[in-house]
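As given, the protein sequences belong to chains U and H, one line each in that order.
Taking the UniProt record's numbering, I'd label the letters of the first sequence as residues 1 to 665.
Taking the UniProt record's numbering, I'd label the letters of the second sequence as residues 1 to 165.
If you're looking for bench data, these hints aren't it; they were derived computationally from the structure.
Incorrect hints may have been included.
What the hints assert, rightly or not - Footprint (simulated), chain U over chain H, 3 or more residues, beta carbon under 8 Å:
| hint | stretch |
| --- | --- |
| 1 | 4-17 |
| 2 | 52-63 |
| 3 | 111-119 |
Where is the CB? At the ideal position from N, CA and C, for every residue including glycine.
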Amino acid sequence: MPVVLLERIPLPSLKTYTGFCVALLASALFYAHRFVTSFETDLVTNVQLFSTESEPGITNSSLPYDSYAWNMLFVMTTEAWCVWTLVNTAYCCLILLGKLIQKLVFGDLRVSEQQHLKDKFWNFLFYKFIFIFGVMNVQTMEEVVMWVAWFTILGFFHLLTQLSKDRFEYLSFSPSTPRFVHVKLLSLLMAILLSCCGLMSLCVYIGLQAGITIFAFMAAECMLLALRAFYVAVRYAIHLIDMNLEGIWENRSIYVYFTELTFELAVLSVDFAHHLHMLLWGNIFLSMASLVICMQLRYLFYEFQRRIKRHKNYRRVVKNMEARFPMATQEEIKKNSDDCAICWEKMESARKLPCGHLFHNSCLRSWLEQDTSCPTCRTTLSDRPAEDSARNVPDGHGGDADVNLQQQNNPNAQTTNHFFHFDGSRYVSWFPSFSVEVTHTQLLPRTRQSVQQTSQLDNMARQVLQVFPHMPLNLVLDDLRETRSVEFTIENILEGRLQAPLPGSLLSRNGLLVEESDEETPQVTSLITGAAAMSASSSPAELHQNFADDNQTELRRDDGPAQFSSRFSKSAIERETMLQERKNSMLEQARRRYLTNQSASGSSNIDTTAAGSETVPSSETWQQFTNDPDSSSNDTQTSSSEYLRYCRELAFQAAQRRIHEQRNA
Amino acid sequence: MAGSALKRLMAEYKQLTMNPPEGIIAGPVNEENFFEWEALIMGPEGTCFEGGVFPARLTFPPDYPLSPPKMKFTCELFHPNIYPDGRVCISILHAPGDDPMGYETSAERWSPVQSVEKILLSVVSMLAEPNDESAANVDAAKTWREDRKKFNEVAERTVRKTLGL
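Please put together the full structure from these sequences, using the hints given.
Here it is in structure tokens:
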């Protein structure tokens, strides 16, 4: 990148540069002054100056000041090095102006803002250099100066826009920004937009003289700048309205999304057309410049494509959502009387998922764009069961738009598969077999899927059976389909959620193993077992959720001074100091407690040994317990004993955790 | 996006301030940036981390409740599920899409109904019961499994360090 190289150039500080400029300007002025005065006194006949000076030279005494100033100006604009000094001074003034605006509007810049600014600046410089010398291929100095002047002004506004964009994004992270900061930033944006209008009229003026191509080049740049500035302004306005609005603004995210979409597409298409124009018009076809432009074109094209793809995904999600999840009725909302779990705001209208959970329309949509399960209970939402399989529109999964599109366009997609194991090995061959995901989408042909499913599941089932040989295989398999983890199935068994039926079924275990792998998983049974397992696995989560919700509402009810509740201040500064105080007091308390514990030495030692002696026998008893069924059945002896021990350890840990949880409860 | 995230973070902050769970304090480092929090977590009682106060940084993404925050302990913490640089590795902090360890079910991963409070509570329980199956710090996991005494000693030292003693 050119950026890296260019950053090494030691730039003088603004102070020295300004000093240098002032000195240069002073010396130029002094030179002009000397020139004019010496001319006036000596009446040196300069061919150029003679015609202008001959007549006013006589009336010098009557209008001395006016003529002197004119003379100065004349000398300054004709002498080459004086002209350069003037140009240099203009740049210095521009930089100082920029600095002033930065001081007034932005204050100190943050590190990331500085970095963005720097990147943007060098990038701009690089591309404009290419443009001036590669595309326009300007020859005369005058033209160069004109183009440079144009791009300087443009670049100046570009940098200001970038800065306001960064600053807006940062301000949107803060709840308590003073009003005048917004006013300043917005007025800067307005100023940029107004200047864009000015630049546009300049474009038209120059275009009338220099032709349509030059006009197109200049107008495109101008439009890009205006679009960017306008985009920031619109986003800003939306943000401000949202912040000042009490309660929730349901359609906000839609507005944000569509402004983003329109502006991004507009910028990309203008930029694309601009670059295409450059490539086609360029004086030299085969050059480094055209290569650079081609690269840029390619990048813009891919960006455009990506955006369109994302929008398609969005459209599909919205359509899908509207078709499948009805709006909740007012009674349902009232009955629920809870806030939306995603944004924690009150619900006035909501969509209802098949699992009965309610969410805001916009919240649900933005979640479904990246995942296809219910946020609360994790029920897969990707497809409706059998009866609606005709119009199968699978949802986005894991935000992977590519896969979704493929899926949608695949006419061979088979219908109604209730248990489909989506595993990582499709992407990376060495992905562990554990990472299976249950969805109802039809990503793969059925044959391949069933092979994966059975081989992986069998493997996992064997592991479980080594620990619990008395469990029937089909039960374990069903549970594994849900949990997708050996550990969790073991836990389920330990918790008694999964119980072995009558001992008769034990005999048919090996037979089932073969049967299962050949089986095409009949729909009805899989549906039933799936539902059963689903309810089993989701119930604790739901319980936990309910508990949490109860907790929340309960806590919200008592606004009075509870035991350890503190006040939530309206002012940011007070909040900050209160938080700091709380932190300090916590640390202080902890310190004191630690020291008292330390002084009563040995007590902690006793504690730990007590805990140890408590757990050790329990582990032994547990191992005895697991040994019992193991010794009764001999068919698992073939596996290595080490692995068995590992699995036991797993089971033991799970059991210990359970005991601990129970004790806590 | 940041607007709704901000509102939600504000609500969470309010809740955490009004009804703080025991041994947990959390809030933005600086009100100018609501997406950068600091949390203090007390070591759970009855474990080797008892008595310690562990500071951590939480960094929220602009689309917050949709994507999980990142959590990083700013003190040294020798623990199987905490990377040597302080990042916390628990399933609740992983987005549903990615799966760094390769065996979590999506059920235990991030979802917008989770909250800072739930994250911090899971971190507390992680401190209490390290999960050496998905070790982020292999050294710590090994020590935890094989040399519990040494592990406790290290923890004790950390506790003292965090208290500034």
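Comparing the hints with the structure gives:
no.	hint	verdict
1	4-17	holds (count 11)
2	52-63	holds (count 4)
3	111-119	holds (count 4)
Checked against the numbered hints above, the structure violates none of them.
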